[in-house]
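Line by line, the protein sequences are chains A and B. Here the working numbering is used: position 101 in the first sequence is 101, and no number is missing along the way. Here the working numbering is used: position 303 in the second sequence is 303, and no number is missing along the way.
FYI, nobody ran anything at the bench for these hints, they're computed from the structure. These numbers come from a predicted model, not from an experiment. Treat the hints with care, as some may be off.
Unchecked claim - Residues on chain B that point at chain A, a partial pick, calculated with CB under 10 Å:
#1 Pro-91
#2 Gln-386
#3 Ser-392
#4 Glu-439
#5 Trp-446
From the three backbone atoms N, C-alpha and C, an ideal C-beta is built for every residue, glycine too.
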Amino acid sequence: MEVRGARAIGRVRRVNGPVVEAAGVDDARMLELVRVGEAALVGEVIKLSGDRAIIQVYEDTTGVRPGEPVVGTGMPLSVELGPGLVGTIYDGIQRPLEALRATGGDFIGRGMSAPALDRGKRWHFTPSLAVGADVAPGDILGTVPETARVEHRVLAPPDVSGRLSWMAAEGEYGVEDAVAVVETASGERRVAMMQRWPIRTPRPAGRRLPATVPLVTGQRVVDTLFPLARGGTVAIPGGFGTGKTMTQHAVAKWCDADLIVYVGCGERGNEMTDVLTEFPKLVDPRTGRSLMERTILIANTSNMPVSAREASVYTGAALAEYYRDMGYHVAVMADSTSRWAEALRELSGRMEEMPAEQGFPAYLATRIASFYERAGSMETLGGGEGSVSIIGAVSPPGGDFSEPVTQHTRRFVRAFWALDRQLANARHYPSISWLDSYSEYADEVRPWWEERVGPEWTADRAEMVGLLRKEVRLLQVAKLVGSDALPDSQRFVIEVCSLFKDAFLRQDAFDEVDRYTSPEKQARMLALVLLYWRRGSLAIKKGATFVELRRLKAVRDIVSARYAIAEGDSKAFDRVAARLERAIDDLEGDYGR
Amino acid sequence: MAADARAEALRRELAAGREYLGLERIDGPLVFIKRTHPVGYRELVEIVDAEGRGRLGMVLDTSEDMVVAQVFEGTQALTLPGSKARFRGEPLTVGATRRMLGRTFDGLGRPRDGGPAPLADSRSDVNGRPVNPVAREYPRDFIQTGISAIDGMNTLIRGQKLPIFSGNGLPHNELAAQIARQARLRDGGSEFAVVFAAMGVKHDVARFFERSFEESGVLDKVALFLSLADDPSIERIVTPRVALTVAEHLAFDLGMHVLVVMTDMANYCEALREISTARGEIPSRKGFPGYLYSDLAELYERSGMIRGRPGSITQLPILTMPNDDISHPIPDLTGYITEGQIVLDRSMYGRGVYPPVAGLPSLSRLMKDGIGEGMTREDHPRLAAQLFASYSKVKDVRDLAAVIGEDELAPLDRRYLEFGEFFEKRFVTQARDEDRDIERTLELGWEALGLLPADELRRVTEDDIAAHWVEREAEEGA
């Protein structure tokens, strides 16, 4: 524990759930980290007025009595940054849960604490600079192999610049050992691998870069229809049971980010266990390494203290920015931001603040905005490029998207993956609605796609989107008169769309092949559906019937392509396409010229 | 350290002996006491009325000049000057033991059956402590309930929390009792127990469960905690906590597999609202407090399994949706916490379907890991997915038939109607004492799919169709 600046700042006057009022306070600082009561519970000063301080406590306050001491630590609520973060699971205020279990047992008690980074662990440090070099903020001083796939870069802190006067030799060091000394304008600064950063302050970076490279998720409905860019923001709203968490898990598993920070904020304990047991077993298709080697978990489940839930998303953002500064592309999953907003509401209510909509505080919108603004593709201080993408789940009460959290979130994100109850009920997963969702990145990432899979991609995608729009209108008519009453050409539109949903939009997260689809395979699959559409509608003009077209054996091949054709097997696609063409040729042949 | 502990114990004892005469204010279930010694948050308090009878309560807000406490046993007939308050120096605890099985208790855990209080093995705070997420064991053992709509489509897993969303007059009690009677693991064995918590339900509901346990000869494996409709409403806030504390002891200390039935969560939430309103808190939706989600999570998350400990807690909460509205805050927030939900459908029940488990809104989130090869049968996941997909189409066809008339339907649409009939009348419907094994359930599922043409079945594989699918004509009058 940090002792610097620790001093008694007052005593408890009132306890109301997680909100504690302290009296006799004269030198507390706003947002200072404090220890409350005899159990030394972690808290943060959130309001000062006269000799009173309002403290939000991150642990259960049962048993805290008026008169107990409040101790200030002299620093804001901060995270420890350094090697050892990746592969670890923390709670909302960065307490390592494995270590807590080792010392405190299966249940989380009050006042338990353990350092976020293991002090006993030695890391192999290799210096990158020589003594005498000029050091600017963000420069790489040395590297540490953190996991088999993450090289940890020890950076000069944002407030350190000058001449390197001492550098540690290559070797094993603990996180608190000095690895470099920098001669700065204000004297010598000792730099260790571990640094601290206040969670509510965004880490500094250079200029923002345009978001033109997609974050490839391997989820077809996302990549093809509603892409997310590296450094982008997206919200996933959906009522309970529509698959928010499943979608988040799928993206966390298969997206091409270098690092994943998964924040389980006020959600189920078993879901975190699921991640913990499943991720180590899964292998990243790009590196062949375990997915846990690129994942940091922050678990503040629904039954854990509500104020730590409020802090957890900032903790996640701070860790993500730290790796961004090393030049990595990081994706933050926040599941669910609604629980975070509710934590704000609960604390606001306990402080008797005047509520705005549905009891939420008036500053809800600014808090949501400042969280999502921590995303971005940036030039780092060291001159490299890194990004933080934020994927936030939203849990609207009653699945009603007009509630405040969904509405405000919508203002600050650029992509929206709306989950649809009807689709989920029919077990169509991912249940991302192709009608209500949108992505403002679609245009920006188009050049990337055209370069990667071919120039026809743009036209193919546009044609499919057009068909889906058309289908909606036709289905409305069909609902009134029955689909039999429609002409074959229109019934065929419905048929192709239904095929597209089954063969392309639906994706089985548990099938070894289907769970991840590369951009190339996505383009081939899309082309296959469109081949069926283009040839089929010509055949109908020549006299073939809708029923004949849907009975074609080759249609089943299109449906099964998603799990039957392996990545990179473009010959198989050629074969299916040829078979389909032949079948339609035969059909047209029957109707003569 | 030891000296500290001794001093602390002494201080508590002294404080516990202190009594304060006279209350400052009584407001609904709340009492306000002025100028006390420093009282801990959530500390247990005993309010003694003029006749000398004590009632238990809990501190909700504590400060130097005023303590606010909720009284579980009601504030009726309390007087301001005549009442005394005694603080216990610790939160409400309950003593748990295996000997509680076969007994009936009140909502605060005191014997209700006239017997003596059982000697407790351990006393713990009824509020429990959150399980460290890394200590959890992911649940994946299939529980066969013998009910096709559950086993086949919304499989129950040991350690799951799966609520029944129901409405007044629907057979949720029958269904819960049937599950409690028939639930078993396929490999059998291991010791089980049932903990039953009744919150604000009618006497005959409690009696129904008691009789049902009695008839199946398991009453000595059941601990009942009853806070009935005519008991003080505030008591309901503690009842599930007492029951879950006992369940945790049975499961995690004694290694038993515990099924916890809690009914009716709607009454629990209303008691919570009553207190919140009395305290003048800012309400969120429908007058319920903003912390309803966190509060419910404190209950529902007390289920599951823990690594290295043999037992488990499976929760089956029952809640009646006010006005059958699934978007009402109570079912809505519950659905966000629990691992799925069994939704009962009034119109199905009206058509004589028992159990009226609504096909589409029901869901079991843990199902994916508990079914398939080695657990139920290899084709089970795809069969269930296909049944869901086909059944969702039935709804569309029924809507269409309502507009253009059944006679005008295309032949394919008519086959969907037949499939829907069979699915509801033969697959879902079963007798209240019928215990179907999973093989029979899956067989019936394939029989239903036999009514549809093979090219409509896109969620199953070619191999599944070859192995299980046989085209059938609808039986007359099915």
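Outcome of the hint check:
no.: 1; hint: Pro-91; result: 6 Å, holds
no.: 2; hint: Gln-386; result: 9 Å, holds
no.: 3; hint: Ser-392; result: 4 Å, holds
no.: 4; hint: Glu-439; result: 22 Å, violated
no.: 5; hint: Trp-446; result: 17 Å, violated
Of the hints listed earlier, those the structure fails to meet are numbers 4, 5, in rising order.
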